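*Asks:* Sequence:
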Amino acid sequence: MISKRLEKIDLDDLKQLQSNAVSEGKTIEYKQKFPTNSDGDRKEFLADISSFANASGGDLVFGITEENGSPKSIDGVEIENVDEEIGKYENIIRDGIEPRIVFATCAVNVSGQKFAFIFRIDKSWTGPHRVIYKGHDKFYSRNSAGKYALDTNELKIAFNLSQTLTEQITKFKTERISQLFSDNLPLPFYDGGKIVLHLIPLESFSPNYSIDLNPIINEPAKLKPIYTSGWSPRINLEGVLSYAGGRSEKSHSYVQLYRNGIIGAVEGLILHAGREKKIIPSLTYELELLRSLAAFLNLLKELGVNMPIVIFLTLIGAKDWEMGVDRMKFWNDEYYKIDRDILQLPETIISSYDTEPKDILRPMFDLIWNACGYKRSYNFDEAGNWVVK
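Under our numbering, the very last position in the sequence shown is 529; numbers go up by exactly one each time.
Derived from the structure by calculation, the hints contain no laboratory data.
Note that the structure is predicted; figures quoted are calculated from it, not measured.
Since no wrong hints were added, every one of them can be taken at face value.
DSS-like, lysine-lysine: derived pairs with alpha carbons at most 25 Å apart:
hint, residue 1, residue 2
1, Lys144, Lys263
2, Lys390, Lys459
3, Lys362, Lys313
4, Lys459, Lys515
5, Lys173, Lys278
6, Lys155, Lys166
7, Lys459, Lys311
8, Lys498, Lys313
9, Lys183, Lys173
10, Lys166, Lys278
11, Lys263, Lys228
12, Lys228, Lys183
13, Lys441, Lys313
14, Lys274, Lys183
15, Lys441, Lys362
16, Lys263, Lys313
17, Lys441, Lys498
18, Lys287, Lys212
19, Lys417, Lys477
20, Lys212, Lys144
21, Lys155, Lys212
22, Lys263, Lys148
23, Lys390, Lys417
24, Lys144, Lys254
25, Lys166, Lys263
26, Lys173, Lys274
27, Lys278, Lys183
28, Lys183, Lys166
29, Lys362, Lys144
30, Lys228, Lys254
31, Lys287, Lys183
Can you build the whole structure from these sequences, using the hints too?
*Replies:* In structure tokens, the structure reads:
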């Protein structure tokens with residue numbers, strides 16, 4: 141794989157592959173031209189793409205002629221409409237591999253209308269992935285010699301690894317929620333309920349995986365807790381902790397960035413025990429969560445954390461809270477109160493940083509409103525658009 145962010149790769153980087161004789165292997169492969177429209181070529185293309193996802197990820201580069209596995213020349217592929225060509229192959233990948241994989245593409249101008257095309261495929265944590273084009277129905281992976289078809293035993297191992305990852309994520313989230321419910325927090329905190337947002341990148345569970353914390357240490361303003369205007373950062377054993385409030389007072393909000401890229405944010409003012417009535421401010425909590433999720437995703441993207449990411453939203457100490465609504469439009473009574481202390485919502489898995497926070501959180505918001513006796517969140521219209529001005 142080319143050791144540079146995809147959008148920053150230029151012709152000089154490709155020339156370095158040639159001058160350094162970077163050979164094809166587990167994480168990079170060269171192709172002189174795009175596949176034809178024949179079924180055989182398309183299956184071969186999809187086999188190449190899926191093999192990267194089922195192994196360690198990597199770059200499939202078109203427009204480079206290889207000799208004995210090393211780049212011989214950077215000729216490019218002559219293309220009139222670059223976006224159209226990329227879109228064509230992106231659709232082939234999306235329709236021809238199951239489950240869908242996370243990948244990105246870029247075009248590097250070589251000369252005139254000649255371009256090198258790079259397909260960057262992330263290591264998958266939701267595999268194994270198979271080629272389903274025209275009933276092909278085969279699984280591929282990679283080693284230093286290139287791609288190969290997975291045998292039965294290798295498939296069993298791949299499926300077991302996927303199940304193990306699911307168990308690790310569930311265990312992490314369950315342990316954190318249990319600690320929060322028991323008020324085992326990293327600092328003195330407000331009494332009462334808590335709104336908890338977790339962002340868990342799947343690659344966080346890769347052995348020895350860690351992120352560079354320096355961007356946050358140098359610019360702590362990027363790690364802002366939910367629903368606060370002032371906060372303080374500190375380095376701790378787990379990574380970096382940002383919290384509202386001073387050293388001698390209780391905090392009402394904090395966010396922990398773990399060394400493996402996981403983000404856990406806890407907010408305690410909205411469901412604070414000191415409130416006169418247990419009424420959830422329906423507009424405020426949704427708006428603050430939307431803003432915070434957008435900021436957290438931008439931060440993870442900047443830190444180079446790859447998709448997919450699992451999003452969890454949990455309400456702790458939620459029993460007997462009800463949704464704050466316009467009483468002229470809705471009537472409410474004790475039967476419309478949340479009936480449990482811990483309201484755990486189904487997770488959402490996102491595979492692109494282009495996904496809108498409202499599309500991630502709205503289904504969760506709907507479920508919270510359901511728990512309070514309402515059809516859906518009325519801060520959105522039925523098409524899922526935010527309607528509050």
